[in-house]
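Protein chains in written order, with the numbering used here: chain A, 1 to 491; chain B, 1001 to 1218.
FYI, nobody ran anything at the bench for these hints, they're computed from the structure.
Treat each hint with caution, since some may be false.
Below, computed lysine-lysine pairings styled on PhoX-like, alpha-carbon distance capped at 25 angstroms [said to hold, decoys possible]:
id: 1; chain 1: A; residue 1: 325; chain 2: A; residue 2: 423
id: 2; chain 1: A; residue 1: 271; chain 2: B; residue 2: 1029
id: 3; chain 1: B; residue 1: 1086; chain 2: A; residue 2: 271
Covered stretches of chain A, going by a simulated chain B footprint (3 or more residues, C-beta under 8 angstroms) [unchecked claim]:
id: 4; stretch: 267–276
id: 5; stretch: 283–295
id: 6; stretch: 300–313
From a predicted model like this one, the values you see are computed outputs, not experimental measurements.
Backbone N, C-alpha and C define an ideal beta-carbon position, used for all residues, glycine too.
If you want the building blocks of each chain, they are given just below.
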Amino acid sequence: MAGKRKRGKIKLFWKQFVGMLGLILLVFSIFSSFLLYSVFRMYVEEEKSRMSEKISMFQYSVRSALNGLPEEYEAIDYAVAQIGESLVNSLGSQNDIVRIYQKKGEMIYENRTSKQISHAYDELRGENACMWQTVKSQGNYYLQSLSLMENKKGNYYVEIDHDITYIYQKREELYSQYRLILLIATLLAGVLSFLFSANFTRPIRQLSRGARRFAAGDYKSRVAVRGNDEVTVLMEDFNHMADRLEKNMHRLRENVRQQEEFTASFAHELKTPLTSIVGYADMLRTMQLSAEEVFLCGDYIFRQGTRLEHLSYKMLELAGMGEKKIRMHPLSVKALVEKTMPAMQMGLKEKQLCCEVQLEEGTIYADEDLFFSLFCNLLDNSRKACEEFGNIYVKGIIRDDLYILVIEDDGRGIPKEELERIKEAFYMVDKSRARKEGGAGLGMALCDKIVSIHNACWKIESQLGEWTAVTIEFPLYQGQREKTGEGQDET
Amino acid sequence: MIKILVAEDDEAISNLICMNLAKAGYAVKAALDGQEAADMLEKEAFDLCLFDIMLPHIGGYELLEYAKSLQIPVIFLTAKGETMDKVKGLRLGADDYMVKPFQIIELLARVESVLRRYHRTVQKLRVLDMEIDVLARTVTKNGEPVVLTYKEFDLLLLFVQNPNRALYRETIYERVWDDIYMEESRTVDLHVQRLKKKLGLERHIETIYKVGYRFVEK
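Starting from the given sequences, assemble the full structure and let the hints guide the process.
The structure is reproduced here in structure tokens:
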């Protein structure tokens, strides 16, 4: 997989690199070729126009010379050849090849012997018609012109071959220079596009490295964001994604940790009474014990069994909360508390506790059973915390759109460092005492769940040895609109 | 007499261990939290400590260090069954590790074996007219050596170390053969019969109907 990813990365780099280099070279070659071609054309055209002048002179001279001849003059061909020769000399065309043909294609004059080329004479029509052609002959290039000289004595053709090899040589020179320049340009463009491509793909490579680091488990790693183009946005998005992922992962890990802790604590809570039960039962069956010892064993088995039973009830309550159908109704807090109090009176009387209840009239949206369970648990905690003749205060006040229920006692309090963990399942501030009083360490975890079901929040404050106050803030019930809103939340 | 300190915060378990160790002939002191255990270690000399890991005030690991400095062997008792916890406990120098729930007979066996390792216990047991050398694995009856097989010796040791205790067939099988007991297996009975015959213990190893055997010294 890593290889595939790597190949992908390289591909983009080479694509970028080769594409850019190709483009630069293509534009450069088109431009230079065009330049070279037009320079070449310019030279040729220059030669052509110079030759055109000569041809016009030729035509003019021949025509005027022939006109001056008598009509019955027989040796016209010869005369034309003579005129031609004199013209070659006077026009300075000694370096050119000049041939004059009769209308039948028969050559009547040639200033230099050289290889002849056949011509398509028929294509030339009309006065002063001229035909151009570039001819290569014996390693030399010639600009060849064939012009018609119309005359009442008959048509003559003049061929002038002008040597333009020097233009070709010049072009060759230019070509070799061009090749050198092209080579330099290729190198330059190569370096440039390499740098550009490297620069262009760098953020992508960084991003890829970052992603790989992240995948390898370095969840703290982020990509350094630079510039402000699309890749930057991508990098920012990546970082944002990494942030969210890290947060989620942290939350999941936290969940798993809590789950593991719960399982471990549960196992501990299960194994401890089991050890006693199994041990004492084993004693009963294997040893001959005195009546007193038998009683002791039986008592331990019974008490530890009861503890297990209590634990199983609490566990069911906690587990069942997720499945139980929760019925939320607008309920008066005062009525709820008054309904709950009689059930608690027994326990309170046992310790001769004084319970003061002061509640404002207020309606919250609640499930009656769950509220009952919450209130009982908290009140029971207060009862356990109090010495004999202690005081418990239950206060309810309305502030803004909250109903605040406070349950306070002047019992033994909770050490500051324990307050944070007190809501965790199986957490007990004083294990041995909690067990003696029949606690399984699940009460607060249960309360926490109930509080969150009611969209409420709660806090526990305490002063060790002085007091403990539990404050629950319920959202106040505010008529039909709120009801439908919350109803949707809960179902 | 061998003195054992038991530090366990659960009263029921603490009592269970103390009762059984006392019945096995050890002098036992119980501490219900780490602080109490540390105080006792300071005041008295012990031959062996049994510590719970999760103790109030002072944890089992800390107590272990203290006990080690006094060169007292330590067995951990805990509900934490994870391998890492075991490794941690043993690496810190614990001599053995018991995971709750445990059987009393197993606890006694481990206590015995740790004590033997530290030579805190007698090498030779004198029971009735027999002398059993635990390390040499030899038995003499009235001064005459008796040849026992490996399993027979273990069986004898189990009986002698758990007098007056009904030993269930499955318990015997699991302790001596270290395997899971099959309902119809006659292995235990055969070995017990042979042991009785070899050592003339017919009167002292009682058969308990449908349960197993009990060793009585009288």
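Hint check results:
Straight-line distance between C-alpha atoms of residue 325 of chain A and residue 423 of chain A comes to about 24 angstroms, which keeps the hinted pair within the 25 angstroms bound. Between the alpha carbons of residue 271 of chain A and residue 1029 of chain B the distance comes to roughly 23 angstroms, so the proposed pair stays at or under 25 angstroms and holds. At roughly 17 angstroms between alpha-carbon atoms, residue 1086 of chain B and residue 271 of chain A fall within 25 angstroms of each other, so this suggested pair holds. Coverage of a stretch by a chain is defined here by at least three residues with a beta carbon nearer than 8 angstroms to that chain's beta carbons; for the stretch 267–276 of chain A and chain B the count is 8, and the condition holds.
Under the rule that three or more residues need a Cβ within less than 8 angstroms of chain B, the assignment of the stretch 283–295 of chain A holds, with 6 such residues. Counting residues of the stretch 300–313 of chain A whose beta-carbon sits less than 8 angstroms from any beta-carbon of chain B gives 3, enough to reach three: the coverage restraint holds.
The earlier numbered hints are all upheld by this structure, with none contradicted.
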